[in-house]
Structures are given as structure tokens and as C-alpha cells.
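Peer 1: Protein chains in written order, with the numbering used here: chain F, 55 to 356; chain X, 55 to 356; chain U, 55 to 356.
Since the hints were derived computationally from the structure, they do not count as laboratory data. The reader is advised that the hints may include incorrect statements.
Identical copies look the same in the list; a pair holds intra-copy or inter-copy alike.
Stated by the list, open to error - Calculated lysine to aspartate or glutamate pairs in the EDC-like style (CA-CA distance at most 16 Å, straight line): (1) K194 to D241; (2) K240 to D119; (3) K240 to E329; (4) K295 to D259; (5) K167 to D314.
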Amino acid sequence: MKNLVSMADLSVEEILDLLENAEKMKHGKYATQLQKQTFVANLFFEPSTRTKSSFEVAERRLGLDVIPFDVTTSSVQKGETLYDTVQTLSSIGVEAVVIRHTEDEYYKDLIGKISIPVINAGDGCGQHPTQCLLDLMTIKEEFGVFEGLNVAIIGDLRHSRVARSNVEILGKLGANILLAGPDEWKDSSLEGTYVTVDEAVEKADVVMLLRIQLERHEEDEDLRAYHEQYGLTIEREKNMKKGSIIMHPAPVNRGVEIADKLVECSRSRIFKQMENGVYIRMSVLARSLQMTERGMKYAIAH
Amino acid sequence: MKNLVSMADLSVEEILDLLENAEKMKHGKYATQLQKQTFVANLFFEPSTRTKSSFEVAERRLGLDVIPFDVTTSSVQKGETLYDTVQTLSSIGVEAVVIRHTEDEYYKDLIGKISIPVINAGDGCGQHPTQCLLDLMTIKEEFGVFEGLNVAIIGDLRHSRVARSNVEILGKLGANILLAGPDEWKDSSLEGTYVTVDEAVEKADVVMLLRIQLERHEEDEDLRAYHEQYGLTIEREKNMKKGSIIMHPAPVNRGVEIADKLVECSRSRIFKQMENGVYIRMSVLARSLQMTERGMKYAIAH
Amino acid sequence: MKNLVSMADLSVEEILDLLENAEKMKHGKYATQLQKQTFVANLFFEPSTRTKSSFEVAERRLGLDVIPFDVTTSSVQKGETLYDTVQTLSSIGVEAVVIRHTEDEYYKDLIGKISIPVINAGDGCGQHPTQCLLDLMTIKEEFGVFEGLNVAIIGDLRHSRVARSNVEILGKLGANILLAGPDEWKDSSLEGTYVTVDEAVEKADVVMLLRIQLERHEEDEDLRAYHEQYGLTIEREKNMKKGSIIMHPAPVNRGVEIADKLVECSRSRIFKQMENGVYIRMSVLARSLQMTERGMKYAIAH
């Protein structure tokens, strides 16, 4: 049984395996032939379209049966603990759970205590490993390698679920990390080089913009100021290197982290990231459910 | 790629084709043999049992895979635009969206900009084309033709999503339209003949009652008065012609637009309309997804 | 068409048949081969994880197609009656409904009026027949017979949906019923012998704890007092007979009805009850849909 709660669970080798399987899935090189009906459930304690839907599509592409779970009408409303909820699902035949939760490290109440794998779809300000993996997949698809790439990560470095994991893993994989953003959001524990936004954009092969929490900047004026100072403006994009790409974990605040018109420009891989997310989640689910050993196999070439 | 956002999208020929396919589906004359897993999503931004469930059944009868989408837990809560939500769903592999929205013409932000078809399941006070088509199917099933039929439309003509489309299309198809209801709800732009409720009921082959918005008539006294003045009472029904039928888009306010006991009387086609709605939606979905070209075929006769 | 709204609907023979089919399903002795796509819907007007998910898994294991129904976004919000909601679902092709409702005997508005079976998943303070059946299955699995067993039912006897049914049926099946709990929750209409909690625990083959409604005991102090006086404490469990078991309908208030550490002790059948619930619901659904006659058959032995 293989959980995935944090990128730290994975060796570099395992990461590369997950990416490779995801790529094979994307190119139709696996046939899903489950030998028995297999149930999974998605427990989302926070709003999410893209991550939840992405897991749903991934699950169904793998032939899994998804049991609906609606937090607002569940027994969680009666004060049931997460452990008891998951144990209940396990008792009725659910074989894996995907969880997004507002609380950091919610999974510590589960791992080692329950008998089905947990896949973390985001915890508080903590981890979001499938987002990190889909970022890696999108970069690998573009450049083939990570070694020597300049990856700029720009924005709210301190509160981002995504930033920390990406900095660590990309560093391990040989990329150079450039960091930029407002001083109050800098985080000295991240292993990268702080530069100005302009320098980051000019040097980067990959410009990764982080989502800002709009609740913190309610004035339109503040948002415009953020865009001018730290956002990827129309002007800054013109200074990007040939062949460099733009990424964002989405949902995008158009006109804030990135100019509206750049969201779908030719450099942007934002919707490509979403597309890749499905294959990454298929790959992660297949690993957790040991599907490759249990029934998935290479497809016969068409 | 074929959207369906308004009845105005359809020529008379296309309408008749959709009805014919729906009838074939009702009589089991199509076999669904999708060549590949096909995802759709239903985005309902307003409460609805019948329309949403009807699309769900239609989708599954066609063998489609429906990705759940819950507005209350989606990123729409984080301020994401409808365009970005639909683009996201498209990126993860959804091939068509069915949308009900509170805003008139919400689809103007989508059509021509996204690459998957949009099926409108109702916009504000605007269009509700599948409701209109299921009304047509129910009338055709009963009378075979539209030419020369007297169709009475009674009630809140001004605010009805359904009334305007039905008036236009039934007129084109050769029916005579009789209109009746409270003066404040009359709408001079509709092409029909205003008559009294009594005259409408007596002359009609089809009596279509429109739903009133209960929020506007909170006093029970007002509701009783409405029923007496404009509703299909037990007494009025006795004056209906032989062979004439009763229709209502539902949900019915029993005892308001129509006497409680008439909802399921032998003239009523109210639940038949719902049944037909499923086949209409199958027909519309098959058109939008070009399924007849892509895998559906006539069933071998049993 | 066979409804199941109350245990009183079932003869002892029918109960034993349902248990036997559930056991066969648990041991893989039925193959589901539905001859046609069959739709069901779950209408839950009260929060529930375990019952709703359990029905979902049961339905899918039987090969049924489950139409999502979300109370919060349904036309029930527009004031539609339960009858009209169910009639609508029936019109669009739903062949059975599972309903949980806050109102006692909500089903009286449905039975005899609609043409599809209703399975009661709990009504107000009334019936919850599948919970009762899964309790019976769990006891039968353990002891083989009911005759002569001492079954202790402890807690809020007056307000429990489960207690009354279990007392009646277990009595009919030959078990001796011991009742215990706070005086204010005793119910003189129940046919059993009132004893102290200590005596109940010592004599019982089966200790069934009832859930208390936390809303009524908001003070932690009260909860601790309840646990000491009426709960299954670590100390009391030591006095249980060899081979005796612990049951609870769940969700458990850990540390209140039962000591936290006992919830998953070797005597506990609490999660086993949940597991069995799926097979009971499969059995009940198969009966209501007359599936055994319509397509299910014994599986060929593996």
C-alpha cells in the first residue's frame, strides 16, 4: 500500500517513474483492465474545481468506481472525525481515498492507522504533491531534462503549497531556482536565489507564477499595484527568452499575477498543466492501488 | 461542434430532425456504441431536479461519463469566471457542457471562445431550448402535426423562459397561438392572439400552463384568487375540447396554475413531458457530440 | 413491487431470506447480470456518510446506475413536494428510490401512490430497517442462531430509530432482550427486561450501544458522567462473557457510549456492521427491484 501525502515520500527514481507512467498514459500506452470493481472516494473539505474534477476524470479513465462524498451532507457535520470517516469508507469497500483538507498535515491521523492508501490533494498551507508532479511533467515534456534549467518562481512564496515542494524537487533534479516577489512573502528557508521580478523573467526558461489569495488584497488599487510590481505584465513577457514558458497552478486571477491576454498566449502552458494533471493523477492512483501489478498492462500498439 | 443555446440556433428542418431522433431513441431504435470513453459535465448554477436529473439519465443512456460538478464547492466560490471554469473542464477532457445559469445569455462569454459544445439548460429569464423541444415532441406525439392546432399559453407570459420560444416555433410550424393571463404579465411582442382564459381553454387543442414564481405571491389569498381567475380549475377543464391535452413545464404549484386533481388526470401530459425530456436531451447531446456520425447506429430490430 | 419502509413489512421468513441472500452476496455467490440499464436515486434529506455511501456501493455492486440527487440544489428548494419529486424521478426512468427524511413516516405520502419501490433509509425518530437487518446479519454471522441469545440494548431507548425495531424482531426470533440506560430515556412500551448497565453487560452475548444525540449533552462534564454511568467503559468490558460482542450503529461518540480504545477491540463488530450493511442493502435492493427474477443468478463457483 502506497500513500502519497508529500513529495518527500518519493525518491528521485520514484518521481521519474511516476512521470514516465503518466506520459505513457497520455499517449495511450496503457490499457486498463481491472480484474474487479474497485471503489475510491474523493473527500474535499475545501472548494476546488480543477483538482477534484481532474481526479474524477483520472479515476474513471482507470476504470475505477467513484463513490460520491459531499462534506456538507456527511456525518462530518455530526462531529465525526476524519479517521472514523475514512475507516467507514474502508469498511464498506472503498480501496483508496483522495483528500483535500483545510488543516495542515491532516493525514497524520490516518497514515499507519488505516489500511487503504491516502492520496493528498492538498493540506492547508502544506503539500500538494500531484500539483508538483504535473508541473514537473509539463517542464519535462517541454525541455526533456531538468538539469541546468532556470526556473523562476514568483509571488507569494511564503504561503504557497506549491512553491516549497517545487523548489526542493527541482533543486534535486538539477534546476537553478530563481525566486522573486514582495519582501513580506519571502521565505529564507527556500533554497534558491532571490532576484528582482524583472531579472527572474529575463533569465528563466520557466516562469512559474503563484496564485495570490485575493482575500488579502481586497482593493482593486492594490491588485493593480501588485500586477505592475510583481505580475507578468505584457511588457515583462516581451523580455522572456526564446522558447521559455509560463506556468501557473490556477485558478488564475487574471490581470493580477498575469496579464489577462497572456493566460492563453503561445508561451503559456497553464491549460496544458491541467491536461497533464489528469495523467499524473492516473499514474499516482495506479501506484497507490498497485494497478500495474493488478491488472493494468501495456496496450497493444494501435 | 454544435452548440444549442437558443431555439433560434435551429432551422425548422433541424428541429424536426431532433424530434425524429428523440422518437427513435424512445422506441429503442438506436444502439449506443461509443468507440471511446466520453466525458460531459452538468453545470447548474440554479436549483433544479427535473432538468438536471433528466440530463443525467439522458447522458448515461447514451453511455457518456458524467463528471460531477457542484457549484457550492467549486472554484467559482473563489471568483473564477465561467469561461475559465469551462476551459478547465475542457482541458481535463470534458467534451461537452450542459449549463443552467441565473444570468441571461451567460453563454455569450463562451460561444466562439471554447472548443467544446455548450448546451443551454436555461439562462435567467431567457432560453430553455430542451424544454421547448420536449413540448414540441409531446404535441407531435399526440397530434402528429402542428399545422392548424390551437395552442393556448396561459399565465406569466412576460417572465417565462418557455413562453417566448414556444410562441415563435409553434407559430413557424403552423399552429395558432392563443395567449391569456393577468394584464401585468402580458407581453405585446409575442405573436399570438390575446383572449380570455375561458376562451383559451375552450378553443385549445393544447392548454399550456406556465409556472408562476411563488415568491411574487406570498399570500395564500392571492394564490386562490389567481387560481380562480387564471388557473385551470376543475370547472374550466370540463369545457375543454374532446381530445385536447394539458401541459405544464413543472414543477407545478398544485392548486395555483392547475387544480390539484387535474395534475394527473387523463388529459394531463405533465409527466409524459418529463419522460419525453430524457429522449430530447439524448437527441440534443447526440447532435452536439456528433454521436450519430461517431458511433451510434440504428439498433437491429429485436 | 416491494417497498421496505419498516421492519413490520417483513415476515420472519422474509427476514431470513434477506439475510441469506446478503450472506450469499458477501461470499460472491451471486453474479449480477442486469439485462438492461437500471436507474435508482438516493434522496437524503439528512446528513449521512455511512448509510448513503453504503447504499451507493451496494447499488454499484449490483450494476445499477445511480442518479445523483442533491437536496440543496433540487426543486425541493422551490417548495416541490416529496411526492412530485419522486414522481418526476419515476417519469424520467428511475426505477427505485432510497429515502432518508427528517419527517416521521414521510413515506405515507408515497406508498400506494407511486409506481416504483421506496426503500426507507431512516425517517425521523421512526424506522431504519436496513440498519436493523445489518444488525441481525452481524449477530447471525457470529452465533448462527438468535434463539436464547442475550442481547443487551443500552442507551437512549426512547429516541432511537434502531432500538424499537431490534427489540421487536429479536424478540420474535427468540432472543432475550435486556434493556438499560438513564431513567428519562426508558420506554415502557418496549418488550424487554430492564436491568442495570452492569448486569446487562455481564449477561449479554451481544452488547448493543445506542448513539446519543450530542446536541442534548453539550457539557463535557455531562458526557464524562454519561460514560461512567451508562457507557461501555474499559472496566465494564472486562466483565463481558467469553465470546460476547459489541455493536453500535455509528457514528460513535468515542469516550461517551463506548471507551475510545474499545471501538476497534477484538470484541467490537462496529466496522463489521458497516461492511455487512453493504450486503444487506444489496439484498434489499435486489428484492425491491425483483432482480433475482430479472437477471441476477447464482455465480458459477470459481
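Peer 1: State for each hint whether it applies.
Peer 2: Cross-check of the supplied hints:
1. Taking CA atoms no more than 16 Å apart as the test, K194 paired with D241 passes in neither setting, with 27 Å inside one copy and 61 Å between copies.
2. For the homomeric pair K240 and D119, neither the shortest alpha-carbon distance inside one copy (43 Å) nor that between copies (44 Å) is at most 16 Å.
3. Taking CA atoms no more than 16 Å apart as the test, K240 paired with E329 passes in neither setting, with 30 Å inside one copy and 50 Å between copies.
4. Proximity of K295 and D259 under a CA criterion of 16 Å is satisfied intra-copy only: 7 Å inside one chain copy versus 71 Å between copies.
5. In the homo-oligomer, the alpha carbons of K167 and D314 lie at most 16 Å apart only across protomers (14 Å), although the nearest pairing inside one protomer, at 46 Å, exceeds that limit.
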